[in-house]
Every structure is written in C-alpha cells, then in structure tokens.
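Q: Chains as they are written, first to last, in our numbering: chain A, 1 to 439; chain B, 440 to 1237.
Mixed in with the good hints, there may be bad ones.
A short, non-exhaustive set of chain B residues, derived as facing chain A with CB atoms under 7 Å [claimed, not checked]:
#, residue
1, R632
2, Q636
3, G639
If you're looking for bench data, these hints aren't it; they were derived computationally from the structure.
Note that CB positions come from ideal geometry on N, CA and C, so glycine has one too.
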Amino acid sequence: MTDTLTPVLSANWADERAWKIANYEHRGGYTALRTALAMTPDQIIGEVKDAGLRGRGGAGFPTGMKWSFVPQDNPNPKYLVVNADESEPGTCKDIPLMMASPHTLVEGVIISSYAIRAHHAFIYVRGEVLHVIRRLQQAVREAYSAGYLGKNILGTGYDLEIVVHAGAGAYICGEETALLDSLEGRRGQPRLRPPFPAVAGLYACPTVINNVESIASVPGIVGKGAGWFASMGTEKSKGHGIFSLSGHVARPGQYEAPMGITLRELIDLGGGMRNGHALKFFTPGGSSTQILTGDHLDMPLDFDSVMAAGSLLGTRALQIFDETTSVVRTTLRWIEFYKHESCGKCTPCREGNWWLVQMLKKFEAGQAEDGDIEKMLDVADNIGGKSFCALADGAVACVTSAVHQFRSEFEAGYRTPAWELFPYERSALFPVKTAGGHA
Amino acid sequence: MSVQAKPGAVEKSDLISVFIDGTEVQVPKGTLAIRAAEMIGIDIPRFCDHPLLDPMGACRQCMVDVPDMGNGRGMPKPQASCTLEVAPNMQIQTQQSSARAKKSQEGMLELLLINHPLDCPICDKGGECPLQNQALSHGHAGSRYDGVKRTFPKPVSISAQILLDRERCVLCARCTRFSEQISGDPFIALVERGALQQVGLYADDPYDSYFSGNVVQICPVGALTSVDYRFQARPFDLVSTPVTCEHCAGGCQLRADHRHFQVKRRLAGNAPEVNEEWNCDRGRFAFYSGRLGDRLKTPLVRDGDVMRPASWPEAIDAAATGLAQARGSIGVLTGGRLTVENAYGYAKFARVVLGTNNVDFRARAHSAEEAAFLASAVAGRRLGEGVTYADLEKATQVICVAFEAEEEMGAVFLRLRKAVRKKGLAVSTLAPYLSNGAHKLNATLVPTVPGTEAEVVAALDADADTIVLVGERAATLPGTLSALVALAERTGAALAWMPRRAGDRGAIEAGCLPNLLPGGRPVADAGARVDLAAAWGIERVPSRPGLSADAMLAAAASGQLAALVVAGVQPTDFADAVAARGALEQAGFVLSLEQRASEVTERADVVLPIDLLEAQAGTFLNWEHREGRVNRINKQAPSSMTDLRALAMLADALGSDLGVRTAAKAKAEFDELGAWDGVPAPAPQVAAPATGLGGGIVLASWRQLIDGSAGNDGADFMLATGKPAVARLSSATAYALGATEGDTVTVATGAGGLELTLLIEDTMVDGVVWIPGNVSGRGLGELRVVPGATVTVTGGAA
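Make a model of the complete structure from these sequences and hints.
A: So, in structure tokens, the structure goes:
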C-alpha cells in the first residue's frame, strides 16, 4: 500500500537537519527558483493554472486564477501574504511543513511573488508556535544570505523582501481579511467585501493571500512541470496533498498522497483503527466540516466528491473517532472552541455559539428536555449562513451533521449523561483524570 | 407601482431599477438595499446600520433574500441589506415576501436578546429603544433562552459625561464608528473578542470628545447614557420641542425634551442641510445656566448702594426717567443672546425712541474695518447668496482664517471633516500652529503670526472653487478683512464670515450696528434712511453714524454719553474688560435687561429681568443666514417678558411707540422691510500693517468650546470633559525662556497675568504664545489685550 503515497513536500522531512538551506539545496532545492526567474511572470501563472493547483487552505479556489485577478495596471505595490495561521481543530500540515522544511515555503514564496509582481511578501504565522516562527525566521535569514532574497535576486534584477509576522493567537486571523487587519496592526476581525483583497487588500493594495501548502507546492510545479503535478490526483482536484490523520488511528500523522485517496486507504496507511475498535465518525477537513461516517470510507477525498457527500474537503484534517466516542461531547468541545474563537463582530456567531455551548452542555449532562434537539437545530439554522464570515457556518456544520448522523445520542441526552453512555476514559488516548465523573 | 429617487437629485441615466418585494424602485448606482427599501416605505429592522456611518454589516439584523442578483442567479445565503449594493434588475425579498428573510430576522433578534438584560423598566432608553421596538415589531413574543446571561459590572464611566452599561450593548459599533469616522476622536474602540467583546477605552484617556453626546443618541440600546439625564425621565413623559441651538452661530437644529416645563435633555435634530444628525456637547448638555441661583426674578432698582426689588411699573418708570434725562446722549449695547426679533427691537428702539445710531451688538473686540466689512460683504446677503453647509462639501479647497472650526463652530467642523473624508476636500488654516481640530481635518498649516494675516492672505492661492471661512476674530487683525475681500475679487473665491454667537448674524440684519440700519441699509445712505423712515412711519431716521461699542464705553466713561442700555453683555466680553467695568460704573445711568445677575446688573441703576430663551419664541440667523426657529418650551409663565416687550413698555413710558411688542409682530415687520437693494456700502480698504513690530512675544488666542463661558454654567459633567487650560509655545521659544513642558508660566501684560501650564507645540511658530480665550470666566479682556499684541511670558527655570 505504501506506493499510494506521493511524498513531495514531505519528501525531505526525515532528512538530517532538513531545515538547513544546505540540506535543502542538496536535494535540489532552489533550482525551481532559477527556472522560475528565467520565465516571465505570466508564464508561471500559466503553469500554475495548467497544473490545476487548487488552494490548500480549505476553500479549493484555483491558485493560478487567484493570481491572475491581481490588477497589474494598479499603480500600488502588490503583496503576497502567506496564511500560516493554521488553527483549525485537527489540521496539522502547515506547521510540520514549516518546521521540517521551511525552505520549501520560502522558495515557493519567492516564485509566487515574482509571478504576481510583488516585492514584499509576508508570512503570517500563528502566534502560539514560537518554535516554527524561529525556524522560519532562520530560513528567511539563510535565504537572504544565499542571495535568494533581497535586492537583485540571483542577478536577475528582481527584488523581494519577506517578513515573517507572528499573529497573537486568534483562530479568526486565519480568515484572510481578518488576517490582513491583524497584519496591519489592528484587531483581527473580518473586513467587508468588496473590495476583495486582490484589488484592495493589505494597506489597500492588491494582495494575494495563499495557504502555506499552496505556495509550497509551487516550486514542484515550476521545477517538474504542470503535467507532472496534474498527473496526480483526480480530474478536478489535481496534485498531491498532505492528509492529517488524528484520533483513534494506530499511527496518526501527516500522509502526503494524491488528491482523491480514500479514508480506507489512509487508515490502512495509518496502521488501522486503534486496536480492537471500529470507526464511528470522522471529519474530512477539520471541525468546520460536516462529520461523516463509515459509509464514506471509500469516498475519494477530493473537493467535489466530499462536497457531493454533504461535507467539505477543507484542510484534509481527518479526525478519526471510534465507537467509544460520545458525539455529543465531541460536538460540545468543538462548539466551545468556536465560542472562544468567535471574534465577536457579528451577532449570530458571537451570541449563537454562546447559546449552543449552553444547550450542548445540557445534552452532555443528560439534562436536555424534549424538543431541545429541534430548538438547537433551529438556532443553528438561525446562525448558519447569516454570519459575517464563514466561522459560524463551520461551527454549525458540526452541530447539524452530528444531530443528522447520531440523533439518538442527542435524544439520549434527555435522560442520560454522555459520560455514562460513553465513559470518557475509554475514548481517551492518554490517561485522563476523571474527577467528578467526567473530564 | 414604480418609485424613483428624489427627482432632480440624480441624472436619470444614472438610475438603475431594482425590485423590492416585487415593487420596482429606481435608485442611483451604489445604493444600499436597505436604503432602496426605505424609499418605498419598507422598514427593514437594523441596529448597526446608520446612514451617516460607513456600512459595517455587524448586527446581521437586516437580512433579506436575493433570489436574483440581476443576472438571473440568486444568492445562496440571505444577505445583510445594509452592506448590499443593488445591481440593475436585482430582486430583493424582505421580510414582507420572504419567509427565509423573516426567519433570519426573528432569529437574529432572539440572539441579540439572549444576553440582553430585561431591565427596560429602569433603562433610560426604554420607550424609545430600537431594540425594544424592533423586538416587538420583528421578533418573537417569547424567548427560548433559559441559560445564564452575560453580565458586567456596571456602569463604566467612559468620560465625566458618558456612562456605559456593557451588558446592554449589542456591539453594533455605531459609537466607535462615530468617534472614528465622524468626529475623528477614536478614544473608544471595541476590545476583547467573542461574547466578551465590549466597548473599551484607554485607562488614561477618557472619551473627552467635543461630540461625545452623539454616541448616546445613536446607541440603539441603553448602553450609553449621559450622566445628567440618567434616571431623569421616561421618554413617553417628555414633550419634544424643536429649537435652534443658542451656543454658537452654527444654527444646529436641536430637539429639547422637557417635562413639567423643565428641559431634561437636548438631542441633535434631523437637519440634513445644517447639522445633519449631530451636534456638539455644548449644544447638547449646556442648558442649565438659566436655573442657577443668579437668575433674576424681579426688576431691580438702585437705592443708594443696593439694588432693591421693584415692581415692573416702578422699574419701567425709573428706567424711563433715567433715559429721559439722558435723551440725546444714550448708547445701546447688545450681546449675542438676542433673537432676530429682540435685536430688531433694540435697533428700532435706538433709532425711533432714543433717536440715535449708537447701537452695537459687538460685545467683543471689534474695529471700524470690521464694521465696514459687515456692511459691504455680509449684511443683506440672504441664504444661498453666500456660502452654505452644502457648499463646503462641493468646494475643492477651504481656507480657514482666524477660525478654528472644532472649537468655534462644531457643526462646520463636522461638515468639513465629512467633505475631507468623502470628497477629498483640501483644508488649509492660517494659524500659529496646527491645532488638533485642524489635524483632524488633515489641514495644511499656513504658519501665521497673529497680526500678519493680511500679508499672508495677500499671497494666498485660490480659485472659484475655494471657500474662505473667516472668523470674527479677524476684527482684531488689521487689514485682514480688506485683504480677504481683495482675494475674493481677485480669484473668485467665496468668502464667508463666521460669527461666534447665535444672535450675531441676526443682529447685523436687524441693524444693531452703528453704521447699519435693518436689512443692511447703510446709515450713510440718505435713500436708505428715507426708505426706513417711511416704513416705520416716523419723520426721520438719525443720519449721524453711531458710536461703536468701544466708543460708547469710552464716551460713557468720560461723561460724553449720559446713559447706557445694556442687554446680554458682560464686561469680560470686551477687549478691555477693565475699561468696560469702569465705563459702567461711571456712566450716568445704566439700564440692564438681563436674565442672570452679572457684573452689569451689579453696576446698573435699573435692571429688567428678561425671560430665558426657553420661554420665548423667535428666530436665529446662523452664519449662512439660515433661519432657525426658537420655540417656546416653558409655557408656564403667563406672560413672557421678552426684551421686545420690555422695550415696548419703555417706549410707551417715554411717550413714543415701538410699534411692535411681540416676536411675531417684530418678525413680520422685519421681513416686510426686506433687504436693502440700493447701492451697497463700500468695502473696507485697510492696508496690511507694517510687520516686524520688534521684541516681545506675540499673543495668539481663541476660545475653546468647553470653557468658562456663562452659557456653560451648571453643566458640570460636561465642563469636566473640557480641555485643561494651557499655554503653548514652540520648543525654541520655550528654550529661550528657559521653560520646559509642564512648567507653570505666566502670560502677562501691564494689566495682569495668567498662570498656565506650558505645553510645547511642535508646529508652533516661534515667538508666539497661545492661550485659551476664556479661562474659567476670565477672558483675555482682563489682560486688556487682543491677539496680535505682544505680551510677556515668564516662568520655568528662568
């Protein structure tokens, strides 16, 4: 089964000190940059378009098309902003990538900036991962020393400055316009659109915002060709992607595979479910995507197939839960996260998540009342699709899909506490204190 | 049915058709869906939306469905109509026709209410609360929320004047957007996140904005309240009367809410052509000055050293006797509190009853150049013949001369700021330093030493799209007004004179000037005098130009004038307060018509108590010459004793006839007279003074909005938000004096000195000291100087 994997971005992760520039170059790093700088910016955009690279941050918007939206007749400077605020529950791909091989990202940033005619690029990294920030800063320093950054890069006359910016630890700053506000030094809250960032983004200048993995995929496309990239994956979701497996699998971790791989294959790669247990439900792309069950084990994990199944591919954060897990408790944990991370700007997200937490706590404690499921679904309906940004849509996705898939467990919440139905220590991956009956 | 935007407002070709609940509406491109719906009377509930603030889309209350964006495709999710720009042929379904829109709105209201306290019965907003109203009109009858509500310690004082009850806040960001976008004082901001988001401020910087009261008014819940109105009244017990603000010549339309004939609060009215929906804190909060212990209740007659209460007949007799003895040698000094009607009464009283042109409303520093300027360039110009608020938004450049908009006319400041933000207006200011207000207008400083304005003006660049706003302070800057008239003629720029007090513009029209008769008729013009004499039915109007206010005071002091009639004037108003006091003391007979005991009433021989403005009806003319009505609020007093009525009684007692005794009559007669259509008075031609006056530090000064003016008395909470009194120097000047920031310095003349804390001002021109014009009741007049004069500054280490 190992031939299913396509290690490209992760190929060097196990190398000795893979994050050092010499080791990266030893593997052929920065040769794509030389190729790119010999091309015209439009040729690169064309190559990325031909490769069919779709944004790896979750939405799956074609990257090349996004780049071509930048109005080149706009006299203002253009900016590339890399969204490295990876915070989605279950998602763990950008941070290991930047930790293990930051130069893959740096090389991607240089090529991408060159393509969109930007002379300033920013990498906005989530504030909690200080070790990653340090490693990125070190990599950027090395790239400057090597002449890959700064003035007159490799003698081509192209100039680029990269700023590694640490966020302050807010999930909302992964929303691209909130990220821009935060980067400008304001509170991170989503901006009104239009204007879209491609027209008026950072400092009201044309700005492209891409996910780490999207940008890191660019050197491969430029170096090995659009055809090579497009040969992987499915018709509409081409290329390789990092799938993060977590939860009740034997070997959780990052598995880089062609788009369209199935969960069954991934679980096999991960050594199967944890001993003696069976899959109950999973998230295809983080907690903001509707949960799916074993019925979808053979569904190709590509953008369109997952959408057809009523969920979203998102960030390919596969959180795997076995039969010991209380779906009520899981949903509560997620909604507590959204309540905590709601920026507060709009009513449905701010007040709705506050309310959902209280309702779910009653379900968890077995104190919900008849009709509370309908009430919760109705409140979720009043939140979903009404909020300023997509944060609240993601929040209610887990509630509605959990009730849809496991209604009886919520009905049990009218009578029995979740910790009695699903003793928490049984689903725990690590020993937990169970003082007071539940964690 | 089809509805179209205001006819004439927009070119027909720029209109697009959209369909709201099936009704076609034609609106300009870029119109927001919520505005288009308003045009056909569909009220979409909203909280964060405010037509004068930038769209925000935060409260999500105004959701509508868009089944067709105009291109045949619908929007998958409901849309916030306050941020949705309409597109040609867009179909919009509001709660009237879309179940999904209706459910979205009901759901949003329920969410807004889950954490909102049920304290409506004790909340100041209860009864006029958009949340309460819309919960009833667009929400569920009950709540399904049975959880724990979010609470905060309450209330938080965000300034001495404004309180914040955070648990009531719906986080619509109207207040924070107002402070950032409209007034430019972003001292409050939303802080924290999620359900803990709240309005916050820096610990050391209270929300001391001159416009802070507006946030109370636009708060859609009771989260922001003013300290002095809190728990004072219920909205449904209040009677609202529209009034015009009496604090400056801006002409802001206000709404006075009163109960039991006492004003409880004042709000900005809705006057799109004037103050839009805003006003300054002084106009909003300073309405207590007439209820203090010094309010005059009965007439007073001098009995040796004491003033004893007297009946009206006795006082009128005493006044008539005093005036009769001084006949032919009387001067009339009026101040800024007078309505047009009352000013007209004084102007006519002087001419008809006293037979003199000795009448001057300029209870302040003034000059002959100014009198000539007012006669030639201001008087008789009707609304629209000069500059208006709307013109400020159309101009490409506005130049301020001797005029600090934020301090001296808040509504003009806000309109200028709007034009700067929205229309790219360029503002420049001739001033000794770039004030905070000018900074908020993004203004270019033309560094100017007071007194050298005429020279600087002569070198200014302007064109027909330029408006020059010149403040009344220019009267003390020789040659400035002459140079501005020349500039306007040379370049086609429009020139607007910005008086300070509410009654000033009306007093000019009413003829309270020694060189001007009512309607801008020059005293010097025989035709004008004959015209007026005919209208008044008298033999002749005095032909000799009268004395200016300063000249009257000097003449009274020297015995050349035997009597003074004084109304709405204080000695501290004048350039030389000491001389003014002396004149009042030495004058043979002083008749004071006043509302509150003052330095004038103390020195008077007869005092006639005049009703407060709130007991009168009348008219103010603002700087644009726009009429603003003053409506009678206090109808408790059976007979309103206005200046006009007192003057009519005096005229009767003197065997004459004023012809008018009510405001309505006076207004009718004044309007009937109309403006002078003859040869206008000649413009002043005063040369710029020779500069390089030698040593000393030149004085610069203007009044601050929240200062020691008598009209602010009693508004203690507002006064606590005022700026501290400081002296400003450039760092070089301060260094030369050996003073550093924070030192106490003394700014002095031969007449005395003022001790102030020194502030180093980066943009200040060298050799100039700025001090506020009215430090807690002590005007510049106490120092017997005007800006442009030299003073001494001492202090610091030296």
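Q: Would you mind marking each hint as holding or not holding in the structure?
A: Going through the hints against the structure:
no., hint, result
1, R632, "5 Å, holds"
2, Q636, "3 Å, holds"
3, G639, "11 Å, violated"
In this structure, the one hint that does not hold is number 3.
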